[in-house]
Amino acid sequence: MSAHSLMESLRCSAIYRSIVRRGPADNDIDRSLAITSNVFLHLHPVKIRRHALRFTYTFGLGGITTLLFLILCVTGVLLMFYYVPSPERAYRSMQDLRYVVPYGTFLRNLHHWAAHAMIVTAALHMARVFYTGAFKGTRQFNWVVGVILFVLTLGFSFTGYLLPWDQLAFWAITVGTNMAAAVPLLGGMIRYALLGGNIVGANALLRFYVLHCAVLPALVFVFLAVHFWRVRKDGGISGPPLPAEVPEEGPPERLFATTPGRSYALVALPREAPAAVEESRKSPEDTVLTYPHLLVREAAAAMVVIGGLLLVALFLNAHLEEAANALKTPDPAKAPWYFLGLQEVVSWSTPFIGGVLVPGLMVLALLAIPYVRPNSVGVGVWFHPARRRAVIAFTIGLVLNVLLIVVGMFFRGHGWSLVWPWSN
Amino acid sequence: MRGPLTARLRDLATPPVLIAFGGVLWMIALLAMVLVDANPEWEAHQSEYRKRLAAAADDAASVRHAGRFKVQVKQIDLPALERVDRCVSCHVGIEDPAFADAPQPIATHPGDLLTIHTPERFGCTICHGGNGRATSREDAHGLPEPSLNPMLRGEFLQGSCGKCHGDDEFVAGSRLEVGRRLFDHYGCRTCHRLYQSGNTAGPDLTKVGSKKFDAFFWGNDYRGTDRSVVYWLESHFKNPSAFYPSTMLNFKMTDENARALVVYMLSLTDERIPDRLQPSRGPTKP
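Listed in order, the protein sequences are those of chains A and B.
Under this note's numbering, the first sequence has 159 at position 159, and the numbering climbs by one with no breaks.
Under this note's numbering, the second sequence has 1104 at position 104, and the numbering climbs by one with no breaks.
Just so you know, the hints here were simulated from the structure itself, not pulled from any lab data.
Fair warning: there could be bad hints in the mix.
Unchecked claim - Here are the simulated distance ranges between beta carbons:
(1) A:P421 with B:R1153: 30 to 40 Å
(2) A:W229 with B:D1270: 25 to 35 Å
(3) B:A1242 with A:W348: 15 to 25 Å
(4) B:T1115 with A:N325: 31 to 41 Å
(5) A:V406 with B:L1113: 53 to 63 Å
To be verified - Computed far set for chain A versus chain B, every beta-carbon distance over 12 Å:
(6) E8
(7) S13
(8) I29
(9) T56
(10) L152
(11) N178
(12) P217
(13) A299
(14) I306
(15) L311
(16) W337
(17) L367
(18) V372
(19) V379
(20) T395
Glycine residues also receive a C-beta, built at the ideal position from the N, C-alpha and C atoms.
Make the full structure from the sequences, and use the hints.
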């Protein structure tokens, strides 16, 4: 029996059919049903606009961020089997992962690098959505959900930072929570609630662990569901208004032989379907089937991202410094890298300005973005000329943030003095 | 801007090609991962140990003993001392007298110290230092120096005796005992505090043996590569201003005396040793 016929008989078997409910999709009806009848795949619409497939429109950033989150869930659960959140045992868990757990170093590296990558891809995804005006129209609130998800991502990273319980972890969290203490009136209480005490100790470790492994994952899953649901209900991802004349092209490439006839329809559209969907209803020729066109691209992105991550995790070890020591302050003591811009601001101003006012205003500004000018100008186009001022303002903020982080990361030495990166 | 090469690359980057490319990355990474983890250092040493066991087996019991030997990470769990010592993963023959002439790391432990200080109760690192949890030679031995978990070598190993044994138990004429007497001889307490007595002109020495290399002040002009605690202390005793202008008197110590004093300093740690592991006569430490 050849491998092919074996596969065929497997796919026709009663057990396989009971699981996936349908055979190979060799026509467009089955390809549509493959999406709508699968709980995971039906996150996607059956058909999407051809424009949505363009890699240079999205760079796959939202999907990659989601993928990294899933990787973090899987590696995180595996790490939980070995990790004990107590000051006596946390650091020893790290050493055991490194020395005796099979592939423990690799596992920790995967989690570490996926976490840092997720912050970067989430930030880039946010920038992409801003630059393409994808937060406009019916998508205003979904931008807000996205900002919440970004803040939750930072919370994930910040709480996870403490868990290795080494010097880097201990002092980064000490610096970070001291910034929180600068909130007027409530600052001391906030820090006390976060740490379960006045210093980073056993209670803080337990609280951060519970936040990291239970509270934040639950919140992120809820907001992710809302985020995806709204994308779906807004007619798929954003894109420019449809041209009057749709170019007569076939699907982007032929992965499967197409069967003649078209007997599918867009399903499950909200009554107040947005304009883009109305338009696509009028000109369905501009859409392609999600299965296979989008799925195969997602699979490609996932394969490359996971492959790259595996290689990075293989060659770059996550830092592990000496065990946390409250009596030995490193010089300089630095916050996690994504907060270094704020620490930089704190270093020239006050903890209130750098630790509360600036980040508070930054989050408020992000939340306000879709409501400042509620119009639909320039949706679906990168750096649309009609939005020049908004684009410039956002870019200045982004570049400033990155610059400050780079200064904090590489140009700050003993006593927070300015140094060259190579002089150390 | 888009040259023919980038254009060609773009045409090449179709989903199926990218999936295949990703698959290749997976395979490289997973294969390399298995290879990197395939031959831990301890495995080679234990294989050698097992080979020698089997070769030397001459009766049924020892053949069975050799047959039962499993190559695996070996560790001594020491909850009372808050440590796990995996040194025996490589130093697998320390308790087997038949391995007296075997090469390191599988040789028998020299001397008869293990008969009093059985490894099951005391482990290794409480005396030898180093990182007991590590399973690679470099990390376990605290190499390269300076490191946070250096091993105590040669005569300096005697410093560990003083972690449990009181002054009256020191073997007469040992480095540790000589060092302790030199401490009195030079009148160190005139300036330094030790336990409850002495003065505070200089640093308190009660826990000096627990200090890591980075807790010592190396001055701004020292360019040497040896930054170990032992080197700092010895240089400092021979010439108090070796690293920075110090107000300490220069006692013109001989190398031998300076090193004996270092041994005594290394015994002054804050390690907590449970009572039941203390010497039966009881410590005289205040």
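Here's how the hints hold up against the structure:
1. For the hinted restraint 30 to 40 Å between P421 of chain A and R1153 of chain B, the CB-CB distance of approximately 36 Å keeps it satisfied.
2. For the hinted restraint 25 to 35 Å between W229 of chain A and D1270 of chain B, the CB-CB distance of approximately 58 Å leaves it violated.
3. A C-beta distance of roughly 40 Å is found between A1242 of chain B and W348 of chain A, which places it outside the suggested range of 15 to 25 Å.
4. Between T1115 of chain B and N325 of chain A the beta carbon distance is about 37 Å. The supplied range of 31 to 41 Å therefore holds.
5. Between V406 of chain A and L1113 of chain B, the C-beta spacing of about 55 Å keeps the proposed range 53 to 63 Å intact.
6. Annotated as non-interface, E8 of chain A keeps its C-beta farther than 12 Å from every C-beta of chain B; the closest such distance is 21 Å.
7. With a cut of 12 Å on Cβ distances, S13 of chain A stays outside the contact zone with chain B, its closest approach being about 26 Å.
8. Every C-beta of chain B lies more than 12 Å from that of I29 of chain A, the closest at about 23 Å, which supports listing it as non-interface.
9. Not every Cβ of chain B is farther than 12 Å from the Cβ of T56 of chain A; the closest lies at roughly 10 Å, contradicting the non-interface assignment.
10. Look at L152 of chain A: its CB is around 28 Å from the nearest CB on chain B, clear of 12 Å, so calling it non-interface holds up.
11. No Cβ of chain B comes within 12 Å of the Cβ of N178 of chain A; the nearest lies about 24 Å off, and the non-interface call holds.
12. Residue-level check passed: P217 of chain A sits 26 Å from the nearest beta carbon of chain B, beyond 12 Å.
13. For A299 of chain A, the non-interface assignment is contradicted: its Cβ lies about 6 Å from the closest Cβ of chain B, within the 12 Å cut-off.
14. Distance to chain B contradicts I306 of chain A as a non-interface residue, since its nearest Cβ pair spans about 7 Å, not more than 12 Å.
15. Non-interface call for L311 of chain A relative to chain B: violated, since the shortest CB-CB distance, roughly 5 Å, does not exceed 12 Å.
16. Taking the minimum C-beta to C-beta distance to chain B, about 23 Å, the non-interface status of W337 of chain A holds against the 12 Å cut.
17. No Cβ of chain B comes within 12 Å of the Cβ of L367 of chain A; the nearest lies about 36 Å off, and the non-interface call holds.
18. Distance check on V372 of chain A: its Cβ is at least 34 Å (rounded) from any Cβ of chain B, clearing the 12 Å threshold; non-interface status holds.
19. For V379 of chain A, the shortest C-beta to C-beta distance to chain B comes to about 26 Å, beyond the 12 Å cut-off, and the non-interface label holds.
20. A cut-off of 12 Å between C-beta atoms confirms that T395 of chain A is not in contact with chain B; the least separation is 21 Å.
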